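Protein sequence lines correspond, in order, to chains A and B.
Counting with our numbering, you get residues 31 to 343 for the letters of the first sequence.
Counting with our numbering, you get residues 31 to 343 for the letters of the second sequence.
Calculated from the structure, these hints are not laboratory results.
All values reported here derive from a predicted model rather than from experimental measurement.
Hints are not guaranteed to be accurate.
Remember, identical chains collapse to one label, so a pair may be satisfied in a single copy or spanning two.
[As the list claims (entries may be wrong)] Straight line, CA to CA, 30 Å or less: simulated DSS-like cross-link-like pairs of lysine-lysine:
id, residue 1, residue 2
1, Lys-142, Lys-63
2, Lys-293, Lys-32
3, Lys-293, Lys-142
4, Lys-318, Lys-329
5, Lys-32, Lys-62
6, Lys-293, Lys-62
7, Lys-32, Lys-338
Protein chains: 2
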Amino acid sequence: MKIRTIQLYPDRPDVTLTTYLLDDSRETTQGKKRPAVLVCPGGGYLFCSDREGEPIALRFAAMGYHAFVLRYSTYGGNRPDFDMGSPVETPDPRSIFPTSMRDLGLAMLTLKDHADEWLLDADRIALCGFSAGAHNCAMYAVSWNRPVLVDHFGVDPERLRPAAAILGYGLGDYVRLHGEARALDPFAARLQRSASIALFGVEEPDDATLEQLSPARQIGPHVPPMFLWTTSEDSLVPSTQSLVLALALAERNLPYELHVFEKGSHGLSLAVQASASSRAEIDPDAAKWVELVESWLTKRLALDLPEKPFWMA
Amino acid sequence: MKIRTIQLYPDRPDVTLTTYLLDDSRETTQGKKRPAVLVCPGGGYLFCSDREGEPIALRFAAMGYHAFVLRYSTYGGNRPDFDMGSPVETPDPRSIFPTSMRDLGLAMLTLKDHADEWLLDADRIALCGFSAGAHNCAMYAVSWNRPVLVDHFGVDPERLRPAAAILGYGLGDYVRLHGEARALDPFAARLQRSASIALFGVEEPDDATLEQLSPARQIGPHVPPMFLWTTSEDSLVPSTQSLVLALALAERNLPYELHVFEKGSHGLSLAVQASASSRAEIDPDAAKWVELVESWLTKRLALDLPEKPFWMA
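Extracted from the complex, chain A is given alone in its bound form:
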């Protein structure tokens, strides 16, 4: 495996792409290109959580896919000492939409530019995000062929197309989220307020902005197949957010898969010890999303393997 951290802009040490490139071998891929999964950790656009970075990349690498972790633009500048609990008052233009989504576009172009060098199948790159990272991936999945990305990069939209999107406890509809009365503890309420200022620049964005950042309201045939999962007990990003996204896909007869586990709070990541900060984030039921996504991915991203081993050919 080749691990390298690439700074995506010369003047931005905070925005990085870390590669987890699997070795080629005459016993396995024999020089053939592998599909890839590009991971966006969550963290309320305030930081990028380590719990949703390397552990996720390694789990996809263990499935046979090249994996990448993108640390996109966040309010905290991805500084290791950023305190996610401290309230945010002043917006920072570096974290306001669409910067993080454009970071994802640049990461996608970087993968496609290195397809030959990395033995990477440029037509089979899936996105995988969690919480705010899932929102970033979902926004990208509805926007990849639009001027906000195409004109910005000046490329053929096909170069920006993702093959699939995997969204864990994501945000799908900000209009609905801001309209819902929810009982949040003081920590969660502060986090949500800070996240709004980080992403929108204001605590209470206008309706047009909320609509613009609601992927569930922008679903069309250009959207790639989606795999959604969450828990019914999530009080920070309610499961309604995944449900309305699934509803929008289902109404348009677009391929999707959805798993809502009953138990489990927000931010379970893999729901196993590898991604846990405590035993409260281990849940064998919710952890089944990984097996489910492994099966789902092989329907469209499976490695191109011969029928029989080479020593029997």
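Dock chain B against the given chain A, drawing on the hints supplied.
Just chain B now, with coordinates in the frame of chain A:
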């Protein structure tokens, strides 16, 4: 993750230890030491199979364990161009027992020497081998406190003790294997003959040598807990080899777990696409050994996690 390949002897580029060291984070391990899994690929003591190296290490890394791949002494000197199908006639002292087992001892000491630097729990290192690599691990598991290792390294035997051994389609009893009539195809018969010359130095070793290299005949209370798995259809290393090893453990009331899947040929590794050279080596039933070993490992190697996340403390 930190990946580095370490040459274990100054004059032996063929014997290497590759590290897959997980990142520490204030969100996960918070400076605490992780247990580790040390992987020995199979390959009939002729080579070390890539299919049982990196894919295995990454799967254990995805469980939250530091992982290592040992390329131990083999007849082919781990040269990438070695043809495993070409018959072996002349023995090479570098692959004859106990060199490969001592390589494993040196790897174990290397892990324990770097425990502080690598944030590695020296008391919780599991071995994991496949086929010939499983035989190497099993021989080590019965020999770690004996002169062949202790006097050779001149260390306190406790420094060599493994915490557990995971053995996939391994060789447990050479006396029995050589006594059993088996219908092998010409390729398999040549492989077995070559493997004998590589490990014993001769095609037909005497009874004392066969006994000496049969871990099932040397089980005692010093042997660590074992997890065994194989398939009933394995014609190269029959499932009887795992059964007699389990029998020896059961008769002494030692902790072990055994899973024999009905279907599947020799050498399935993870039995998923990540370790396959062809679709013939993918088997969703046999692949369940990985989930089973994940549960089994958490009984003795679980990460030391607090009850609640630090932001709720």
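Hints, one by one, checked against the model:
For the homomeric pair Lys-142 and Lys-63, the shortest alpha-carbon distance inside one copy (12 Å) is at most 30 Å, but the shortest distance between copies (38 Å) is not. In the homo-oligomer, the alpha carbons of Lys-293 and Lys-32 never lie at most 30 Å apart, since the shortest distance is 37 Å inside one protomer and 35 Å across protomers. In the homo-oligomer, the alpha carbons of Lys-293 and Lys-142 never lie at most 30 Å apart, since the shortest distance is 39 Å inside one protomer and 40 Å across protomers. Taking the closest pair of Cα atoms, Lys-318 and Lys-329 come within 30 Å of each other both inside a single copy (18 Å) and across two copies (20 Å).
For a Cα distance limit of 30 Å, the shortest separation of Lys-32 from Lys-62 qualifies both inside one copy, at 17 Å, and across copies, at 25 Å. Taking identical chains as interchangeable, the C-alpha atoms of Lys-293 and Lys-62 lie at most 30 Å apart only when they sit on different chains, with a minimum of 28 Å there against 41 Å within one chain. In the homo-oligomer, the alpha carbons of Lys-32 and Lys-338 lie at most 30 Å apart inside one protomer (28 Å), although the nearest pairing across protomers, at 34 Å, exceeds that limit.
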